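Here is what each chain is made of, one letter per residue.
Protein chains: 2
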Amino acid sequence: MSPQRKLLLLGTFVHSRTQQHLEFLHNAAVAVDEQGKIVSIERDVADVSEAKERLFKQLGWSEAEVDVTEAAEGQFFFPGFVDTHIHAPQYANAGIFGKSSLLDWLETYTFPLEASLSDLPKARRVYSRCVRRTLSHGTTTATYYATLDVAATNLLADLCLSLGQRAFVGRACMDDPEINPEYYRDADADETLRATRQTVDHVRGIDPGFDLVSPILTPRFAPSCTREAMAGLAQLHRETGLPIQTHISENLGEMQLVRRMFPEADSYAAVYDKYGLLTPKTVLAHAVHISDAEASLIAAKGSKISHCPCSNTCLTSGPARVRWMWDKGIDVGLGTDMSGGYSPSILEAARQAALVSRHVAMGIHVPQGDDAAAAEREKERVKLTVEEVLYLATRGGARCVGLQDKIGGFEIGMEWDAQLVSLSQVSDDGGLEEQDDNDGFVDVFGWESWDDRIAKWLYNGDDRNTKRVWVKGRLVHRRN
Amino acid sequence: MSPQRKLLLLGTFVHSRTQQHLEFLHNAAVAVDEQGKIVSIERDVADVSEAKERLFKQLGWSEAEVDVTEAAEGQFFFPGFVDTHIHAPQYANAGIFGKSSLLDWLETYTFPLEASLSDLPKARRVYSRCVRRTLSHGTTTATYYATLDVAATNLLADLCLSLGQRAFVGRACMDDPEINPEYYRDADADETLRATRQTVDHVRGIDPGFDLVSPILTPRFAPSCTREAMAGLAQLHRETGLPIQTHISENLGEMQLVRRMFPEADSYAAVYDKYGLLTPKTVLAHAVHISDAEASLIAAKGSKISHCPCSNTCLTSGPARVRWMWDKGIDVGLGTDMSGGYSPSILEAARQAALVSRHVAMGIHVPQGDDAAAAEREKERVKLTVEEVLYLATRGGARCVGLQDKIGGFEIGMEWDAQLVSLSQVSDDGGLEEQDDNDGFVDVFGWESWDDRIAKWLYNGDDRNTKRVWVKGRLVHRRN
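Residue numbers (full-length UniProt numbering), protein chains in the order written: chain A, 1 to 480; chain B, 1 to 480.
Chain A on its own, in the form it takes in the complex:
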């Protein structure tokens, strides 16, 4: 990687102040040093020259060493998105799931594709495209499941590093001889652990401090792992402090399987707890059907939940209850869960989170009589706002992967993982020029408040609106 230059960014900055509120910094200037760290934020800056005068003096910087990016009128900087659950090999299947649900989907669509990626040129093609596309959608941090193949998994880590995406890369662990197909499983727990260590060593070799790319321990889900594999991965976690990711309570058939296979535990969460996988560095995907007791256990252990609304709908898994998870004190982020979910975009996941929360609301029965008003209030309360789903997409995700002090917002000391967003401005005659196509179809007429612009972006925005993407201060994607 070429040495980075200092950055000066000017314009409107929008980020989550709390779960419920966005903060808008207009006429602000942000200075980012060569390590990609935000070193100063100035408000009420009239123009570039004032910004330079104030910041360069303060920081001892000189004109020649700084790249300046000024957001145009109506554009804004927004934190990069965090995808807390995405299957890189399944990129090639995005949108292909028929009428399947989890277990037959794995067998029909997913395992055959994943197994085929032991072909390295094929893996390079799929993974390159996946990383480039997710970057183009503003995903600055992705928590990836790869496949069983170590070489291909290591290649994914290489690609994230070279293309500049912050990533957690997990070699999928599946050693149970009953559930996993013969053509796609580890011989035993020893192989699972040996292969996992190979990926850990590889990533340590290419990014020793795990500054950009980190391994993540990845028991696929309880039914696919033996007790020995789970316990071994937990041991590896205790030795290395590496994060863990797995799936939990996505689907009713899966839950039956867990009950049958792990009679020693009284819940799905308890299986993970029993084998040492429920830690503060664990990301549990889905959690659609967890019980109150399981949510309390997860909260007590400090584990996180990756909410995957698109996938949960596509595979008919069920509508997960984010408000309730928050009530229980659990940190929640968003996952595309591609290709259980069809979309590689976290903006789409945020949109789907808003929609699914409305389905949760519509599922609340309003009784006749005295309890009606309370039920109506609850229906209202469980709906997620624009601000809340954008929090999930940024700071919420950052908390899930333990990076809340580094990314997810704009504060001094945090790293510059960000996107520059541009919306289409409608001309006086409502005409449609070529540039309007390049800017997507979020049409701003000019009378909208900033809150309304953000809502328009959330609901109709796409990768065209994301004009620049930076990770750790490095420009990793741009479009006109």
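Hint data in this document are derived by calculation from the structure and do not stem from the laboratory. Predicted, not measured: the structure shown is a model, and the values here were computed from it. Glycine is no exception: its CB is placed at the ideal position from the N, C-alpha and C atoms. It cannot be assumed that every hint is accurate.
[What the hints assert, rightly or not] The following label-pair restraints were derived from C-beta to C-beta distances:
no.: 1; chain 1: A; residue 1: 381; chain 2: B; residue 2: 263; range: 29 to 35 Å
no.: 2; chain 1: B; residue 1: 208; chain 2: A; residue 2: 447; range: 34 to 40 Å
no.: 3; chain 1: A; residue 1: 329; chain 2: B; residue 2: 296; range: 46 to 52 Å
no.: 4; chain 1: A; residue 1: 239; chain 2: B; residue 2: 376; range: 41 to 47 Å
no.: 5; chain 1: B; residue 1: 373; chain 2: A; residue 2: 201; range: 49 to 55 Å
no.: 6; chain 1: A; residue 1: 191; chain 2: B; residue 2: 50; range: 53 to 59 Å
no.: 7; chain 1: A; residue 1: 44; chain 2: B; residue 2: 201; range: 55 to 61 Å
no.: 8; chain 1: A; residue 1: 188; chain 2: B; residue 2: 376; range: 33 to 39 Å
[Stated by the list, open to error] Cross-link-like lysine to aspartate or glutamate pairs, in silico, EDC-like; alpha carbons within 16 Å at most:
no.: 9; chain 1: A; residue 1: 467; chain 2: B; residue 2: 428
no.: 10; chain 1: A; residue 1: 467; chain 2: A; residue 2: 437
no.: 11; chain 1: A; residue 1: 122; chain 2: B; residue 2: 428
no.: 12; chain 1: A; residue 1: 467; chain 2: A; residue 2: 70
no.: 13; chain 1: B; residue 1: 99; chain 2: A; residue 2: 433
no.: 14; chain 1: B; residue 1: 467; chain 2: A; residue 2: 433
Chain A is fixed; fit chain B onto it per the hints.
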């Protein structure tokens, strides 16, 4: 409008053969005459010169009078989309609805915007953009609600005609003094009818045969209309044969209102029936909460339903049951219901129809015991497939607006309302070139079946994939 040229189109043509099946015509050639009518379809055509030889001889055409469009490898022609329910003035609010539901949404967001469009330059700006954008998303036929303002409504009709979109344009009728705000209502039923006739006359003046643009009688919804207005519009329907559109059973609060305001009818559908509005040319939007008896009444009257899945979720109205409507023998089409739904795209509406059908499935309770298997089958059955939602978007919509013999598929005698769809082809190294952005983010690796390509397009496609749009043989939109 300039006189049209003949068209020859070659390549792959995809359309619905039945509700459940798409038909793929590869290496086919379609000839379209100057009136925009399909006059010949040839199969197994090796190349352009063979197509010309076979078709020109058959039709007596000469080279110089024909424009040729050849779909490139991987591209395909698809019928234009039919939006059976869209509010043109609300285009400016797409994505802005907060946590509202129907009645407060009308008051907070919708009526103020609609009222403001009596300002004609503003109306021109919003309507121009709306028509251009929906065309760019492949909507070749739109069934519009406009506003109360006659001049602005007439302007919408003018714009549809000049921009070449097939449209039904409805002047919104609202004369109830209790429900409608003082600043946005008709003085009485006479004014409602007089204003409606003014728009009918205007459209007759600009498109005498209603070949491209037709008026549609538009009592907004029962609570907004007096009995006199509804009966008067029904009388106008009987005189003129014009189609009718309105809303039904979208929201529980709305239904309470109807029960209170129309005690003489025993259901919402019965209100419309009593005042003569339930006809074979009536499109009822939403129908989320209609009873079995209402569905039977609607079926018996031959009225149609516009399914608006995006809006029904956004406004927390409820999940409508398409499979059940089909079981009852009702014709169903798709509506964006923008801006109750955030998106101007029928492809997005089709996607949402698939998702919402999965929420309907997830809402089916599976009991313990003997009835479990039947409930599981029903869960499976209610899910809509890729093929079914694309049927809704094309032929289903065409049936709703009475144009099933003219549009929605590719057959001799039908009119050429179509789009040319192009998906992005992934290069060998998975790189991302500028053209890939222009082609959207549906990535085809090359090994996908045609069914899989269509699924990828449905779930991740957008306006970038729609490269050309024709209505009645006229090219009305193109992009690179």
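So which hints don't hold here, by number, going up?
-> Violated hints: 9, 13; rest satisfied.
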